[in-house]
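Model the full assembly from the supplied sequences, consistent with the hints where possible.
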Amino acid sequence: MDNSVNMVEIFQMFQAQYSQVDKLWNYFGVVSLAVAGFTIGNEKATRTIKEPIAIVIGYLAFCVGNYTALIYSHKFLVVLANRYNEKACSYALNHLKVITVERVSVFYILVVITFTLTILVVSYSRLKLKQHDEG
Numbered sequence: 017m018d019n020s021v022n023m024v025e026i027f028q029m030f031q032a033q034y035s036q037v038d039k040l041w042n043y044f045g046v047v048s049l050a051v052a053g054f055t056i057g058n059e060k061a062t063r064t065i066k067e068p069i070a071i072v073i074g075y076l077a078f079c080v081g082n083y084t085a086l087i088y089s090h091k092f093l094v095v096l097a098n099r100y101n102e103k104a105c106s107y108a109l110n111h112l113k114v115i116t117v118e119r120v121s122v123f124y125i126l127v128v129i130t131f132t133l134t135i136l137v138v139s140y141s142r143l144k145l146k147q148h149d150e151g
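In terms of this note's numbering, the sequence shown is residues 17 to 151.
Warning: the hint list may mix true and false statements.
[Stated by the list, open to error] List of simulated lysine-lysine pairs, DSSO-like, C-alpha gap at most 27 angstroms:
#1 Lys103 <-> Lys113
#2 Lys60 <-> Lys144
#3 Lys113 <-> Lys39
#4 Lys39 <-> Lys91
#5 Lys66 <-> Lys144
#6 Lys103 <-> Lys91
#7 Lys146 <-> Lys60
These are computed hints drawn from the structure, not numbers from a lab.
In structure tokens, the structure reads:
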């Protein structure tokens, strides 16, 4: 019986941790879309190259903090899933499948690079077009 209680507790911890990881992903998505939308949709954000560079620096600072929290949280999620799966074997229960930390890292970094390049390319293109129209 004690083993079952531990398994239930581990599963509850997994669910709580999954919720925390999900919140970190949501913050990342909202901030990424807001930054890109603001930069692309607002010409005042790209009057000179200084504005988009400052925006990108702020975005990258957020991403470093968010990534750190996300990876630590995801590592704990993997540990909980592994502990649950060890106990679930005894009862022929389904296993919890969690994406590896490495895959999460690759995806996260690719998204950050994509958003950063999009912001810089759109800003640079807008500045070049403005210079062309004025010149």
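Each hint tested on the structure:
For the given pair, lysine 103 sits about 14 angstroms from lysine 113 by alpha-carbon distance, which is consistent with the 27 angstroms threshold. Taking the CA atoms of lysine 60 and lysine 144, the gap is about 15 angstroms. The hint holds against a cut of 27 angstroms. For the hint pairing lysine 113 with lysine 39, the CA-to-CA distance comes to about 19 angstroms; that is within 27 angstroms, so the pair holds. In summary, the hint linking lysine 39 to lysine 91 is supported, as the alpha carbons are separated by about 15 angstroms, within the 27 angstroms threshold.
About 14 angstroms separates the Cα atoms of lysine 66 and lysine 144, which keeps this hinted pair within 27 angstroms; it holds. For the hint pairing lysine 103 with lysine 91, the CA-to-CA distance comes to about 19 angstroms; that is within 27 angstroms, so the pair holds. Pair hint lysine 146 plus lysine 60 holds up; C-alpha atoms about 12 angstroms apart against a cutoff of 27 angstroms.
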